[in-house]
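Dock chain B against chain A, hints included.
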Amino acid sequence: MSIEVLLFIAFGGLAIAFAVGMILSKNAVHSALFLIGNFGCVAFMFLMLNAPFISMVQIAVYAGAIMVLFLFVIMLLGAEKTTDTTSQRFPWLTGVATFLTISLLIALGLPLLSGFTLPAYQGADPLVRVTNAAVDPTLLISPETPPTADTSEDAEALPEIVYGLHLTVQISGGTLAAPVVFDDILFGETTDFASLPAGDYTVTLLRTDTGSPVARPLPVTFANGQVLTLTAFGELDLNTSTLVDLEIVQNSLEAPQNAEGRLLLFNGYTDPFVPLSLVDLGGNRALDIRTTDGTPAIIDPVLAEDIRYGEAPIVATYPKGTYTLAIVQPIFTISQTESGDQRRTISDYEIIHELNNFTINADEELPLLLVKNGLQPVTDDTAQPGLQAAPIFEFQSVVLRDSAIQTNPTFGSPGGVGLILFTTYLLPVNLVGLLLLVALIGVIIVTRPFGEKQQRRGNIRRKVSRPLVSVINQQTGSDVVVEQPKLPAGEEQK
Amino acid sequence: MPPAVPTEFFVMLSMILFALGAMGVLLRKNAILVFMSVELMLNSANLALAAFARQWNEMDGHIFVFFVMTVAAAEVAIGLALIVAIFRHKQSINIDDLHQLEG
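Residue numbers (the working numbering), protein chains in the order written: chain A, 1 to 494; chain B, 495 to 597.
Okay, chain A solo, but in the shape it has when bound:
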């Protein structure tokens, strides 16, 4: 038996004991104190049910405010002694009440005792979206409009040339009557989420321009509660004109803890043998490497390492803030061992992509796709003086910032409850506030002294002045009946 079950039994038994004590206690103050104990136990139950906000409200409002009100009224009325468990008028009520209570308990508990179990939560319908990170290398090799290289200008200033495919993605099968189509997705674009019923589907990737499939139809299974990003990546193979792969990136709507943001790092960089790392460069904006015994190591904080091509994304959490991040790849040197095998050792690291002013937000999941795309001129140092330096183009790495997913704040937290309370349930919240106002006014009206009493208070003032009048009357010889001043019945009690 786990510690949770033991705690449940301990506090549940205590709650029941407090409830019984409340019902049977002869003293109303003791009853109120027993009820406070019961509310405390139930607050603990709320904590066990992942409802910390409700638990705190339970203690503050129920065990605090409401029970103080009860105790105050008990003291005010002097109604501590309540020897009233058996009624004089209905002596048979005790037995009937007990019988009714046990019947209620049996009626409520019979389904659970007879082995009925609640169905497990299946989760919401799966949400699916598509990101296009696929490159057409035919366009890279013979671009229709070759980029004009101007070596006098900074290479960074050149416009980024996008050679990605325009993709159309069809999802068919399952219980769908017609396939779900994400039409004409540009390179680097991410579609909105589509909600599909859970089931088995087939994903087909098509070129938007020719309509021909660029990948083999991929069978996929979507389960309830999943949030998925279908990531089409890789280069179009020239011989088979099919894409390399389609990766299903599983997102999560669950918020990371401690004001951190979550990054999903996916490597679609077309070099299968180089594992990449994501490094926080820090203030000096340069990669700090320390070499000990010929083995280099990165000193800067590493968010994620060993991000391998085409494999499931690496999940990294990092505190919210703005950083200078860099995608780093190792440089290998190949050495011969004595047995004649080739051995690859990391000799250095180099930055292949830098992310300046990169903002990580809390309660957000940001999928980052690292892909190669476009061309970047490289100044040819080997060009002989006097000759025109021919620009050499090489792949440019891009990081696709997949549109971030706003994660839900933690279940049952004040933030989570407050978010729903003031968005979906704004009108009921206002109505409940109005109800409290009406209750406040109602209390004032109910406890107000009756109108007659106020009139009598007027009489008191007259009666007080009467003795003087009667003295004058007596001296003048008139036969006025002298009344002794007396307080009204209600006032005498005090």
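Rather than coming from a laboratory, the hints here were simulated on the basis of the structure. Accuracy of the hints is not assured; some may be wrong.
Between beta-carbon pairs, the in silico distance windows are [to be verified]:
#: 1; chain 1: B; residue 1: Val565; chain 2: A; residue 2: Glu4; range: 40 to 48 Å
#: 2; chain 1: B; residue 1: Arg582; chain 2: A; residue 2: Pro119; range: 50 to 58 Å
#: 3; chain 1: B; residue 1: Asp591; chain 2: A; residue 2: Met1; range: 46 to 54 Å
#: 4; chain 1: B; residue 1: Arg582; chain 2: A; residue 2: Leu104; range: 29 to 37 Å
#: 5; chain 1: B; residue 1: Val565; chain 2: A; residue 2: Ala10; range: 42 to 50 Å
Backbone N, C-alpha and C fix where the C-beta goes; we use that ideal spot for every residue, glycine too.
Here is chain B on its own, set in the frame of chain A:
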């Protein structure tokens, strides 16, 4: 991963507390104690709501618990004011003495 304590346990505890509250309403003749028993019943319903909220992973149950608490607070304020008014009038809060619907 299934939770350590099944939802059924909480529902059972909630039912027991509800039945005890109902018993208190039927048995006690002191108006304040009847009120306290009603609070116990409301609280046990809250427990069931929170348990089902966890079961279905929906925070709407917590919102309902919140509303039930607010309504209970309003109800207690009005109810205790009524008890005070009745006590002033009748010098008693035994509900057997209030069987005649007269002023």
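**OP:** Check the following: the C-beta atoms of B/Arg582 and A/Pro119 are separated by a distance inside 50 to 58 Å.
**Re:** holds (54 Å)
**OP:** With 46 to 54 Å as the target window, see if B/Asp591 and A/Met1 comply at their CB atoms.
**Re:** holds (50 Å)
**OP:** Could you say whether the range 42 to 50 Å given as a hint is met by the Cβ separation of B/Val565 and A/Ala10?
**Re:** violated (31 Å)
**OP:** Could you see if the CB distance from B/Val565 to A/Glu4 stays within 40 to 48 Å?
**Re:** With Cβ atoms ~31 Å apart, the hint is violated.
Subject >> Cβ separation of B/Arg582 and A/Leu104, checked against the hinted range 29 to 37 Å >> reply: Given about 35 Å between the Cβ atoms, the range holds.
The structure is inconsistent with the numbered hints 1, 5, although it conforms to all the rest.
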